[in-house]
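> Build the full structure now, drawing on both the sequences and the hints.
Chains as they are written, first to last, in numbering that gives the first Met the number 0: chain L, 0 to 332; chain R, 0 to 378; chain S, 0 to 352.
If you are wondering where the hints come from, they were derived from the structure by calculation, not from laboratory data. Quick reminder that beta carbons are idealized off the backbone N, C-alpha and C, glycines included. Just so you know, not all the hints are guaranteed correct.
[As the list claims (entries may be wrong)] Where chain R lies over chain S, by a calculated footprint (3+ residues, C-beta under 8 angstroms):
1. 52-58
2. 162-174
3. 260-272
4. 314-324
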Amino acid sequence: MKRFLQQRNLGIFAVVVALFAVFSAIEPLFATAANVERILRGIGILFVLAIGQMMVVATRNIDLSIGSTLGMSAMALAIVAKDHPSTPLVVLILIALAVGTLAGVLNGVLVAIAEVPAIIATLGTLAVYRGLVFTISDSGTVEAQFIPRAVKRLAITPTRNISWLVITGLIVAVIAWLVTQRTLTGRRLFAVGSNPDAARARGLPVTGITIGVFAAMGALAGLAGVLYVGQYGTVNASSVGIGFELTAITAVVVGGTNIFGGSGSVVGTILGCLVIGLLDNGLKVLRVDSFWQQAAEGAIILVAVVADTLIRRRQELRRALSRRSGVAWTPAS
Amino acid sequence: MSGHWKRLGRFTIVATLALAAASCSSDDDKGATTTASSTTTAAPSESTSAASTVDTTVASSTAASTDTTADAPSGETLQVVYIPKDTSNAYFNPILEGMQQEAAGLNMEVTEVGPASAEASSQIEFIDAAIQQGVDAIAISPNDPETVVPSLKRAMEAGITVIAVNSDMNPEGRQIAILPVDFSKMSDFLLKLTTDVTGGAGDFAILSATVNAPDQSAWIDGVNEALDAGKAPDLKLVDTVFGDDDADKSASETEALLTSYPDLKAILAPTAAGLPAVAQVLSNSSQKGKVQVTGLALPNSMKSFVEDGTVKEFGLWDPKTEGVVAAHLIAGLIDGSITAKAGSFDVPGLGSREINADTQVIADEFLVFDADNIADFDF
Amino acid sequence: MDAGIVSSTAPSSAAVTTPRHAARPVAGRLDGVRGVLPAACVIIVALVLGARSSTHFLDAGALLLHTGRYVEIGLLALALTIVIINGDIDLSVASNVAVSAAVLAIAYRGGAPIAVACMLAVLTGLVLGLVNGVLVAVIGLPSLVATLGTLAAYRGISEILLGSDYIGDFPDSFAEADRVTLFGTSAQRPLPLPLVVLLLTAAAFGFLLQRTNFGLRCLLTGSNSAATRFSGISTWRVRLQAFALSGMMAGAAAVLIASRLSSVSAGIATGMELPAITVVVLGGTSIFGGRGSILGTVVALFAVMAVREALAINNVQGETQDAVIGLILIASILVPRTVTRLRSRLVRRRVHT
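Here's what the structure looks like:
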């Protein structure tokens, strides 16, 4: 457990606990099992996206196109399900994953081979992929009646109050944790992020790693697309996945991942998702006036990030002083 | 399916254009010359795909752009642009269908063009383009009552007939507005739906569209007034939340309502994008059947929820009727048989429609959908 | 006047931003012209195709009138150019516009003269810009993170201020300033007021970037922050000033948009940061800082306008327009790079044979 909660995640963990405690104290209904399940279900999709984004950010890149990628996968799944109602669930899921992976690979190629800065490449594909969502759906909506029950069941609470949405999120988190903490590939991600030139000089396949991490992000966005269809039933071209990239990036940075690459933790990202989920649900359950909700969310997130930065800077200072000459990495300022 | 391919074709053409344009950017002469050739090859295919609607406008628009009169000479095809709130909202498809169905008989051509999202100022560029094309009429479903008014005033100054369809706006921005039903009866209708699904007693909450949605705000005020007047003495409105017509936001608002009000009997969602989202949450929830869901939505978007028992009854109207009325209204305004004053006019096949003192036309009556009749409707 | 310093620092900027092309010979003025080329080509192609596909397209009066819609994006993009040259980014500009416009409208409704309300709007923008600057330059948050937070927070403030209200009924002297024309009111080609505002502002920004110490410090800060700091320039102050400028421009854009739409609501200018950033990047400014030009931003703004206008006149739907702009954005970086690479390979082969 201690391993999971490394020192640098303590700050954000404290924020999660504090938010939960404050909300529960004000409104006892907030702390009910049913509501906790609702919070978790509400961030299932975010979970999957944020973990992918964390790995992309760790390589000193960013993927702004994930909302549109999710949209393409979800829409592709929905259209196939509508036009060919007998398609088995596995095939539908594979279609969504394939669409997402393809989109991710294209992003990766643009960034790693064509050397277009990630923020620009994915800002461009954000618009292009959204255009494709409209194109394949003929600017339309696939209604819930055309979505097979097997897909919808992904979001229906089965036994013990835990839906597949949450289980999928947890499985993704565990795999990502194992990959980043326990494998060579994981360590290479951070090596590429902390110093791409040095990584290349040391013979690491930087191009391959970069394409790989974008492909993984795309696949996860595809998976998120499956979950989206399951959770929301109706898929509409102009609203599916809109703005999800910003929420995912927010979760990643609130979770303490350095936006300039080289660091990042799955546990921190999960805690970041929880902060967003708690705020989103908590402010509503507390019946905070809707006009105040967004400002409060923005302010609390800013406070969390500022506090985290200040705490971490002090820790680093202390570490640097204790090692005297040791400068592990400097936060790019 | 052919629609998909047509759009995909146009998309790829535009995409190659973009690439052709950007390939200019090489910093030597060689690059520039190669681009010049690629542009010329791209151009003809582009004009065949996109200019088909434009070619026909030429004659009538030169008449309009001289700014003498809005009357198009008889024999010319009237060019009408319909601008929905956004292009992917299925609600507006039947309106376009209705207009296009009548267009042939009225020597009219209706083109739909609109923004990707229902953001308030995003409709302006399409209004400006329509003015530049010199179309004969603009029919618009405004995203908000004020933002598009300056542009529409400019359109009217250029001699273009402007009507609002489906919701009204600041009257300075249009000649006549078509409303789908009599909105003054809306609060009674919504309370009737709520009473039907709850048995007339208990707590209920409203999930609306955006905080700025003028129609929904007026309806909800109406519901509050009706409740204050004791029209449904045992119903209690406990909260009003806003789902922004977004699946994600509507769902999280619904989840929060379920937590905050354990005794909730019903959620009323008078918004076609919000109601399916609310129904989806309850359909997935253990409270399905305990919390009733009703409101306004297209029947196609609700079929699965009526089938699985989440929704007993909900309502709307047939948006297609608005389109039919709109086509005849536009034709009448242009040929002068209808003026933007209180009065009445005839819609073939539907009968007489009245223009009220606020220069609004009411197109149709409310419809109620339930398990017995929903299969009869396909929109 | 700073020619010596510029030429001595230019190689270092090239080395930092594009390590692969460290041998670029002249990174000064020529680079500016090259940066403008992609956008200029886009303008020409869009105008040609627009004119070929629609007889209504080349209507100078209409096109000039439509510039009003793009001027607000342009004002944001001008200040963003400086922020991005510094190596930062400001995602909160559109939300800042919303707050500033809300303040303008509320002040006017509260009885303030419209001129005072406008000044309050610009002041609001400045203050919010300073808040960003403090978070980034003083506290040390990454600008992407800080302004992502204020993007949400500022939009929230505008919602708190306005709720579900629409505030309109501005005096005639203020409403629809985009229809006020200078230099020949009723003539064939009148110059709309917002366009004049944009061009004057662009000239001022060009002067600021190219001819003042501030501009030089921005370029230095963006090209190598640490080295610049060690050479005695307080980079935090430069970055704070750039954010303040960005905020002020958001305030100015708020005045123009409130006037053009003649009404203000909480959702005003939603999503406007993306086209503004697109314009800056399309104009050749490096997203990593250290390199960029005001001229490029201005040309890119007109490129985006030309493309959108050409597509709109052909009844192309909004989402397809967005996608085309996205493609152009990618291609504007991809194509020159590919051409350069191919050419160097060709040259190498020629040398070998």
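> Taking the numbered hints from earlier one at a time, note which ones the structure violates and give those numbers from smallest to largest.
none
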